[in-house]
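In the order they appear, the protein sequences are chains A and B.
With the working numbering, you'll find the first sequence wraps up at 944, consecutive numbering, no jumps.
With the working numbering, you'll find the second sequence wraps up at 611, consecutive numbering, no jumps.
Mixed in with the good hints there might be a few duds.
Selected chain A positions facing chain B (Cβ under 7 Å, derived; list incomplete) [what the hints assert, rightly or not]: (1) G709; (2) A822; (3) E826.
Each pair of labels, with its calculated beta carbon distance range [what the hints assert, rightly or not]: (4) A:V733 <-> B:S441: 32 to 38 Å; (5) B:S380 <-> A:E930: 39 to 45 Å; (6) B:G384 <-> A:F734: 26 to 32 Å; (7) A:I752 <-> B:D395: 53 to 59 Å.
Since the hints were derived computationally from the structure, they do not count as laboratory data.
The structure displayed is predicted, hence computed values, not measured ones.
The beta-carbon is built from N, C-alpha and C at its ideal position, and this holds for glycine as well.
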Amino acid sequence: MQHNVKPTRSTSRGDPWPVRWGLTLAALAVLIVLVLVPVVNVFYQALERGLAAYWHNLFGDPNTRHAILLTLMVAPPAVLANLVFGVACAWAVTRFRFPGRAILLTLIDLPFSVSPVVAGLMFVLLFGMQGYFGPWLRAHGLKIIFATPGLILVTAFVTLPFVVRELVPVMEAVGPEEDEAAVSLGANGWQMFWRVTWPNIRWGVLYGVILCNARAMGEFGAVYVVSGHIAGRTDTMPLRVEKLFQEYNTPGAFAVASVLTFLALVTLALKTWLEHRERQEIAEALASTKTKEKQ
Amino acid sequence: MSITVQNISKRFGSFTALDNVSLDVPSGGLLALLGPSGSGKTTLLRIIAGLEVPDEGIILYGDEEVTHRSVRERNVGFVFQHYALFRHMSVFENVAFALRVRGWKQERVRQRVGELLHLVRLEGYEKRRPSQLSGGQRQRVALARALAAAPRVLLLDEPFGALDAKVRQELRQWLRLLHRQIHCTTVLVTHDQEEAFEVADRVVVMNDGRIEQVGSPHELLQQPASDFVMDFLGCPDYSI
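Make a model of the complete structure from these sequences and hints.
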C-alpha cells in the first residue's frame with residue numbers, strides 16, 4: 650500500500666480510458682465552474698475599467714477607505730487575542746489533566762458550530778442598550794455595540810478555534826519531555842517557553858494565525874449584527890462590499906472584493922508553503938535518522 | 372550526595388503507584404530500580420527528581436529536605452527514556468543548555484562543553500542535530516547534557532531501552548566506567564534484570580508500588596526475600 654497522493658498510473662486494475670478521462674473532466678469542470686470562474690471574474694470585474702478606475706474605487710471613496718482601515722484595525726487585536734489564548738489553552742489542555750478539561754475542549758469548538766449571526770446577537774444581548782451590561786456601560790460612557798470594540802469582540806469569538814485547533818495536535822505530538830528536560834536543566838518557565846517550546850510549535854502557531862487572520866478579515870454575519878452597518882464608522886470590508894453592491898456600484902463592490910480575494914489567495918499560498926516546509930522537515934529528519942542507523 | 376526516600380506514597384486517581392516506599396542511596400552509589408512495568412519504578416525516579424510531587428512522605432538530598440523543591444532548584448541530571456534532546460538545537464547547544472540558563476560566559480561554556488563531549492567521546496559532533504545522530508550517540512549527548520552543570524545526583528530512566536543489543540552492551544560498560552570517573556550518586560530505572568545486575572552495585576526490586584527487596588546482585592540471587600523476587604529474577608543465565 651502506498652500512502653502518497655501521486656497518481657498510480659500502472660495499477661493492475663487499469664480502468665478503461667473513458668472512465669479515467671470522464672472522471673477527470675467532470676472534476677475539472679466542477680472546479681472551473683465553482684471556483685476558478687468566480688475568482689477570475691472578481692478580478693476581471695474589478696479591473697475592467699482600468700487600473701486608474703480600480704484605484705479610485707478603492708481609495709477615492711472615503712467610506713471605502715474607512716472600511717479598509719477599520720478591517721486593518723479590527724483583525725490584528727482579535728488575532729492577537731486568539732494567539733495568546735490559543736497558546737495558553739493548547740498548553741493547558743495538552744500538558745495537564747484537570748477537571749473540566751473535556752468541557753473546555755468542547756467549548757473551544759462552539760464558535761465553529763454556532764451561526765455567526767447568532768454569535769453577533771449574543772453579544773448584542775449582553776452589551777447592547779437593552780442588554781445586561783447596557784445601562785452600566787452607558788452610565789460610564791462606554792460603547793461596545795455599534796462600535797469598534799464590539800467588532801473586535803465578535804471577530805475574536807468567531808475566530809477563536811483556529812489557533813487552538815491547530816496547536817493541540819502539534820503540542821500533543823511534540824510531547825512534554827523536552828519541556829521537562831529544560832526545567833530539569835535549570836530553566837525557568839520563561840526560558841523553557843522561548844528556548845524549547847516555542848521553536849517546536851512556531852510553524853503550527855503561524856499556520857493557525859494565518860487562517861485566523863483570513864477569517865477575521867472576511868467575517869460578515871457576526872460583524873453585521875453588532876456593527877449596525879454605519880457607513881464610514883462601523884463598516885468593515887465585507888460589509889462595504891455588500892453595501893456597494895446594494896447601491897448598484899458594482900465596480901466598487903468588485904474592487905473591494907478583489908482585495909479580500911487577493912488576501913485569500915495569499916493565505917492559500919502561505920498555507921501551502923508552511924505545509925510543504927513542515928513535511929520537508931519531517932522527511933529530512935527521518936532520512937538522516939535512517940542513514941545514521943545503518944552506519 | 373546521598374538520597375533518602377522516606378515513606379513515599381503516590382496515587383494517580385484510584386491507581387496506587389507507590390505505597391509507603393522508603394529507600395537509602397549512599398553517596399556516590401550506583402543503584403538500579405528493577406521491576407516490571409507498572410511497578411512504580413519510574414514514578415519513584417520522577418519523585419526523586421522533583422518531576423512529580425508525592426502525596427505523602429519526604430525526600431532528602433544529604434541532610435537537606437527537598438520534597439517541595441521544584442526540579443529546577445534541585446540541580447539533578449535527568450536522562451529521559453527517549454532522551455528528549457532539543458530537536459532544533461545542535462549537539463553543542465543541547466549540552467550547553469544548563470550553562471546558558473545559568474548565564475555562563477561564552478568562553479567558559481565552550482570549554483565546559485568541550486570537556487563533556489570529550490567525556491562522552493563525541494568530539495567533532497558539535498554542529499550535528501539530534502536527528503543526525505544514531506541512538507547510542509543521542510544517549511551520550513543526553514548524558515553529557517545532564518552532567519553539564521555538575522548535578523548533585525544523576526537519574527536515568529530506562530537509559531538503554533531504545534537501543535539495539537550490541538550498542539546497549541557497550542554503553543552499559545561505558546556507564547560503569549563513567550560513574551567511576553565522576554562519582555556522582557546515580558539511580559537508574561530498568562526492567563531488564565541483566566542490565567541492572569551488570570551496571571549497579573545495589574539493586575532494588577519493585578512490584579505493585581512496593582519495594583520487594585534491596586541488595587547486591589549476589590544477595591538477590593542467593594537469598595531472594597519473596598516469591599515475587601524469585602519468580603521475577605527467574606533462573607539466571609549464568610547458573611545453568
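Against the structure shown, which of the earlier numbered hints fail to hold, in ascending order? Of the numbered hints given earlier, those the structure breaks are 1, 2, 4 and 7, listed in rising order.
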